[in-house]
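Asker: Chain by chain, the residues run as shown.
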Amino acid sequence: MRDLSLETNLKSALEALFHERNETFYASDIPFVAKARQEAFSNFIRLGFPNPRLENWRGTDLSKALDTTYEFLVEAPGDEIDVEKIFQCEVPHFETFLVAQLNGWYVYRQSPLTELANGVIIGSLAAAFEKYPELVSKHYGKYASTEKEGLIALNTAFAQDGIFIYVPDNVTVPDVVQMVNIVDSEQNLMLQARNLVILGNNSHLKLVQCDDSINHRYTFINSVSEFYIGKDSSVDHYKLQNKDEHSTLINSLFFQMESGSNLSSNSISLNGGIIRNNTDVKLAGENSSANIYGVYLMDRNQHVDNHVRIDHLVPKCQSNELFKGILDDHASGVFNGHVIVHKDAQQTNAFQTNKNILLTDKATIDTKPFLEIYADDVKCSHGATVGQLDADAMFYIRSRGISEENARILLMYAFAAEVVNKITIPELRQRIDDMVKKRLRGELSICDQCVLHCSSQEKKLTFDIDVTRI
Amino acid sequence: MLTIKNLYASIHGKEILKGVNLEVNAGEVHAIMGPNGTGKSTLSYVIAGRQGYEVTSGEIIFKGRNLLELSTEERACEGIFLGFQYPVEIPGVSITNFLRTAINEQRKYKGLDPIPAKDFLAQMEEKKKMLELQDKLTNRSVNEGFSGGEKKKNEIFQMAMLEPSLAILDETDSGLDIDALRIVATGVNKLRRPDNATVVITHYQRLLDYIVPDVVHVLFDGRIVKTGGKELALELEEKGYEWIKSQI
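So the sequence lines, in the order shown, correspond to chains S and A. The numbering of the first sequence is the working numbering, which starts it at 19 and goes up by one. The numbering of the second sequence is the working numbering, which starts it at 172 and goes up by one.
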């Protein structure tokens with residue numbers, strides 16, 4: 019089959035590259051990185067790229083994205099990049115601690131690690147390998163298994179840098195940390211971005227991950243982030259995706275959760291060629307709780323795939339999934355929510371909901387909420403809906419004098435609002451809310467800079483929505 | 172204001188309205204009564220322009236225009252308001268925004284500029300006071316989590332804000348306790364003007380203790396079979412719909 023040979027070609031190119039790099043750059047890897055890299059590489063050779071024949075990739079076909087020549091950036095960019103020049107966040111009153119990656123490399127080469135007074139460390143993962151090997155080796159590669167997923171193996175085999183965040187015990191990080199992944203290149207690029215976030219006990223972090231491209235070349239971003247959330251700690255996580263049609267974005271998140279910890283993760287997918295969000299949660303300590311949310315608004319030939327896997331390993335944990343999407347034109351979507359309640363995980367509460375609106379008969383969604391339960395004292399539910407805009411509601415709105423087109427936008431907005439309202443950072447919620455409105459009005463294209471950097475005329479808006487301005 | 176002539180309408184091929192004739196003049200309050208399933212709601216939907224209802228013959232003239240040629244929203248902009256029996260929930264959209272959008276679309280239709288925010292807010296305050304509505308209600312999403320009474324009060328509030336020429340209230344009294352009924356009725360009475368008209372569709376006479384109609388119609392099997400003054404409602408309450416059956 020053609021696609022297979024293509025994969026094989028790209029695979030052999032990557033294989034050759036790996037051997038070449040092994041002699042040079044990777045030779046200086048510190049031992050735990052080297053071990054993870056070599057294991058991952060042999061796993062990648064065994065697994066290769068995923069294809070739709072695999073159950074986990076049913077509905078998402080990467081063959082076209084893999085049928086492209088990509089450059090593989092193996093060198094760090096020049097010494098100092100003026101981030102201000104390429105990236106400005108203009109969310110009003112949105113004070114963030116900004117860390118940026120350019121083409122997969124940590125941007126601030128001169129000071130790769132910032133150590134704050136409260137003990138928080140933020141900076142380059144490559145630098146953290148060198149400076150904090152004991153801390154990093156406890157977690158790096160421990161949650162993102164390379165055994166079964168070719169793309170995780172690929173990332174681990176080639177990853178060299180990314181963002182590292184460490185929050186010690188008993189620290190509430192006051193600012194929202196904003197991780198920006200910028201792609202700026204004259205060539206088509208394949209990136210293996212790698213992030214590691216470690217929280218000690220009783221600590222709290224709010225994190226916004228933005229994916230952005232500047233030049234509209236073909237990109238294949240294969241990003242892996244591992245999170246360790248210590249006892250009684252919490253992570254409030256957002257992932258914003260507003261990429262162009264030429265991009266393939268594979269975003270894999272792994273959360274390891276200890277007792278009493280809380281996670282809220284919200285994926286907001288507004289634009290992109292192919293977006294695949296993998297969210298893997300291990301509830302490993304009692305009384306921990308994970309809320310995984312997502313909203314996706316796709317049109318044209320865009321494709322979005324949300325895969326969630328939640329393992330209830332111990333008793334008394336909660337998980338809750340809510341994903342809502344609107345698909346227009348020929349857009350396609352996949353939702354796969356897989357919750358496994360392991361044998362001893364009694365008194366589990368696990369809920370899954372996926373709701374979709376298809377605006378045309380060419381748009382498709384393949385939804386699979388899925389519970390696998392081996393304990394007997396549990397409360398679990400799952401449900402999926404696929405529908406059109408509600409005819410009763412359309413009539414109600416139009417009977418007030420609102421045009422059919424605006425009534426549609428109002429209903430789509432109302433549909434997405436349930437997920438948007440889960441955003442707990444008010445400035446971010448307002449911004450996302452504006453973006454959703456713009457997206458539904460067909461005004462939101464790719465911003466030149468950050469996904470949050472829209473030249474917003476709506477800052478003066480007193481009202482949440484005013485579709486008469488369309 | 173509204174003239175309905177020999178109106179026949181069906182849904183999914185089933186004929187519901189079988190020759191309705193109705194004349195409503197400015198300044199009047201009409202009540203349409205009748206047992207369940209006789210076409211009361213269908214009549215209101217056909218006037219408001221709900222999709223799926225097919226008018227097979229007859230006409231509806233509203234302020235000199237053929238209503239059947241207009242879309243739902245155009246009819247609303249011309250001054251038709253339908254108070255729903257089952258108002259729809261719209262999560263994520265506050266009543267304030269919903270109404271401002273509706274008012275501005277209606278203004279756009281009439282060639283007017285959008286309403287200044289200040290005027291809009293002042294108008295909201297005035298109407299809220301008039302209808303004895305709680306302040307918080309308008310910040311909530313449209314009908315989301317509202318009690319039956321709150322939904323109906325919200326319908327009347329929307330009517331007060333949109334100031335229609337002809338309001339059709341479809342079973343607005345159903346599911347209301349006496350207090351809510353009083354508030355709804357007070358609203359309707361306060362909004363009554365020489366240049367507007369109201370059609371109250373109801374199953375029971377109870378609402379008509381509070382909203383006194385000028386004309387009462389009885390709709391039965393898709394036709395208006397009896398028309399009279401307010402005393403007709405009382406007679407109907409006393410003798411029941413069986414009495415109507417025996418008359419035709």
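Do not rely on the hints blindly, as some may be mistaken.
[What the hints assert, rightly or not] Taking lysine-lysine pairs in the DSS-like style, the calculated list, with each CA pair at most 27 Å apart, reads:
hint	chain 1	residue 1	chain 2	residue 2
1	S	K456	A	K279
2	S	K334	S	K82
3	S	K334	S	K380
4	A	K416	A	K234
5	S	K456	A	K289
6	A	K361	A	K176
7	S	K440	S	K397
8	S	K397	S	K334
9	S	K440	A	K281
Simulated from the structure, these hints should not be mistaken for lab results.
Asker: Decide, hint by hint, whether the structure agrees.
Answerer: Each hint tested on the structure:
no., hint, in the structure
1, S:K456 - A:K279, "holds, 21 Å"
2, S:K334 - S:K82, "violated, 44 Å"
3, S:K334 - S:K380, "violated, 43 Å"
4, A:K416 - A:K234, "violated, 34 Å"
5, S:K456 - A:K289, "holds, 25 Å"
6, A:K361 - A:K176, "violated, 30 Å"
7, S:K440 - S:K397, "holds, 23 Å"
8, S:K397 - S:K334, "holds, 11 Å"
9, S:K440 - A:K281, "violated, 39 Å"
The structure does not agree with the numbered hints 2, 3, 4, 6, 9 stated previously, though it agrees with the rest.
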